[in-house]
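There are 2 protein chains.
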Amino acid sequence: MSKDFQSWMGTVLAEVEAALSEQLPAVGAIPARLHAAMRYATLGGGKRVRPLLVFAAGELVEARPERRIAAALAVELIHAYSLIHDDLPCMDDDVLRRGRPTCHVEFDEATALLAGDALQTRAFELLAAPGLAEAERQLEMLALLARASGSLGMAGGQAVDLASVGKPLNQPELELMHAMKTGALIRAAVLLGAACGEQALSTAERERLDHFAKRVGLLFQVVDDVLDCTANTTTLGKTAGKDAAADKPTYVSLLGLEAARRYAEDLYQDARSSLAGFGAKADRLTGLADFICHRQF
Amino acid sequence: MSKDFQSWMGTVLAEVEAALSEQLPAVGAIPARLHAAMRYATLGGGKRVRPLLVFAAGELVEARPERRIAAALAVELIHAYSLIHDDLPCMDDDVLRRGRPTCHVEFDEATALLAGDALQTRAFELLAAPGLAEAERQLEMLALLARASGSLGMAGGQAVDLASVGKPLNQPELELMHAMKTGALIRAAVLLGAACGEQALSTAERERLDHFAKRVGLLFQVVDDVLDCTANTTTLGKTAGKDAAADKPTYVSLLGLEAARRYAEDLYQDARSSLAGFGAKADRLTGLADFICHRQF
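As given, the protein sequences belong to chains U and R, one line each in that order.
Be aware that the first sequence starts at 5, since it is given in our numbering, and climbs by one per residue.
Be aware that the second sequence starts at 5, since it is given in our numbering, and climbs by one per residue.
These are computed hints drawn from the structure, not numbers from a lab.
Among the clues, some could well be false.
Unchecked claim - DEER-style ranges, computed between Cβ atoms:
{"hint": "1", "chain 1": "U", "residue 1": "Arg-210", "chain 2": "R", "residue 2": "Asn-174", "range": "21 to 29 Å"}
{"hint": "2", "chain 1": "R", "residue 1": "Val-31", "chain 2": "U", "residue 2": "Arg-266", "range": "53 to 61 Å"}
{"hint": "3", "chain 1": "R", "residue 1": "Thr-15", "chain 2": "U", "residue 2": "Ala-280", "range": "53 to 61 Å"}
{"hint": "4", "chain 1": "U", "residue 1": "Asp-270", "chain 2": "R", "residue 2": "Glu-110", "range": "37 to 45 Å"}
{"hint": "5", "chain 1": "U", "residue 1": "Gln-300", "chain 2": "R", "residue 2": "Val-31", "range": "40 to 48 Å"}
{"hint": "6", "chain 1": "R", "residue 1": "Leu-17", "chain 2": "U", "residue 2": "Glu-110", "range": "40 to 48 Å"}
{"hint": "7", "chain 1": "U", "residue 1": "Ser-25", "chain 2": "R", "residue 2": "Ala-18", "range": "21 to 29 Å"}
{"hint": "8", "chain 1": "R", "residue 1": "Ala-249", "chain 2": "U", "residue 2": "Ala-22", "range": "19 to 27 Å"}
{"hint": "9", "chain 1": "R", "residue 1": "Ala-18", "chain 2": "U", "residue 2": "Gly-32", "range": "41 to 49 Å"}
{"hint": "10", "chain 1": "R", "residue 1": "Arg-68", "chain 2": "U", "residue 2": "Ala-133", "range": "19 to 27 Å"}
This structure is a prediction, so every number in the text was calculated from the model and none was measured.
The beta-carbon is built from N, C-alpha and C at its ideal position, and this holds for glycine as well.
In isolation and in its complexed conformation, chain U is listed as follows (with noise of 0.2 Å):
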């Protein structure tokens, strides 16, 4: 990763985390115990790839600050929810969590439930807030973020992932689960920050785009599978080794783990060269999906 990557991503970093502070409800705000838990599974942690992918995206359009914040944190808090429910006894039944216990342990199962709730509300209340847009582009941006959420998109592919447990996925259809699970919401991402300027994208442009975000998506699922196989808890923050004790389908049980790596290695060629037309301006982009594909956490 290059130095000037590196400070970019850093300055990133900290607006996300600085306005997700702000437009969180403050602390001690009544009700103060859900507002601590939507403060605690949001703040301090994560490695923010949607928000990176958001403003990664932005500079393709000379994305408009105030805009652009809007959708990464409303992107963010859509994870943060799903992380939230995912942790869940009856769900995942997850203890750890970006380094720390996860909401329902530290705080309690109902208040874990009604934050990922309200985390959701207001995700779709930031980009509804008057004045950030022109209010076409807002709505589109909106009714994108929906159906990337949705029982089609994030919620279905969880639902598709339970259904799955203990049943031999092959290729497509584990596919066709996280391109649902983990690839409409960084999908969603990328094209919410390409809808962020005053301009937007061509139709060959956008379809371009488009082609990488989907790349992008499903090289994150597969570099995840193989550092959840190969990585210790302690450099991941979450519990190690999870899927394959649960007897989920995943890549490397599919693939088997060098070929799974060459994949992660394939879809990041295919993602770059989808960028080949837009120059420099996808710089940013690029070195995101080298970001993601050669992490070790």
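Starting from the known structure of chain U, arrange chain R on it as the hints suggest.
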């Protein structure tokens, strides 16, 4: 209840039921179990008080039919999601709703959790649909619904409710809790209905309508507490006597049964009189307040 009012209610309920069925994911669409749970928890039951309020308030402004039904559905989907999550074992742990097994009993906890999540998403998605109204108007409606549903509205009220079990609340504390937990969404229903016309209400009209909406929200809860204490489980379609058994503060525990009934009657009269200036256009709203006050279930 007059024949005319009864027939109006029947027409609205049929329109809402058909539109909900159409706007929810189709039977069999993948993930089929999640979609079945979403449909199970939303269709074929419920008093539909919130959609009725949207339609009734719409009478004040000659509401456009396509906006009115979208608003009615959005608010009902938020309500349906909240009921699924409220009934979960980590919340109220209830097995009966609308005379049938609750969603997590009929399906499973994980599916019920995701069904609630995806219904919330669908509510916002509906209001973001392109071309529903002027885009600015749609954003206002989205913001209104989000504020009413989030941590300072419905979800926040649930958190205050959880924190209040076994604690002696006084009347102002109880009213604040209910103003958030049930009042905020009922108020949103009324204001959304009034946002469905070509012209907005004047500030003075809006203030009177808002007073009505707040009174009706409170009235709904007081009557709920009375019925929880006096009606049986079969009539209610949900477990009767639960709040008392759970040592939750209610208007009956606070005021006594007779005083709670008188309080409901006072709220009804106050709500009615705040609509006096609207003339016959407010007949449906008045009729609904009457229905909410004097219902037996």
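Outcome of the hint check:
| no. | hint | result |
| --- | --- | --- |
| 1 | Arg-210(U) <-> Asn-174(R): 21 to 29 Å | 58 Å, violated |
| 2 | Val-31(R) <-> Arg-266(U): 53 to 61 Å | 41 Å, violated |
| 3 | Thr-15(R) <-> Ala-280(U): 53 to 61 Å | 59 Å, holds |
| 4 | Asp-270(U) <-> Glu-110(R): 37 to 45 Å | 44 Å, holds |
| 5 | Gln-300(U) <-> Val-31(R): 40 to 48 Å | 45 Å, holds |
| 6 | Leu-17(R) <-> Glu-110(U): 40 to 48 Å | 43 Å, holds |
| 7 | Ser-25(U) <-> Ala-18(R): 21 to 29 Å | 48 Å, violated |
| 8 | Ala-249(R) <-> Ala-22(U): 19 to 27 Å | 46 Å, violated |
| 9 | Ala-18(R) <-> Gly-32(U): 41 to 49 Å | 47 Å, holds |
| 10 | Arg-68(R) <-> Ala-133(U): 19 to 27 Å | 24 Å, holds |
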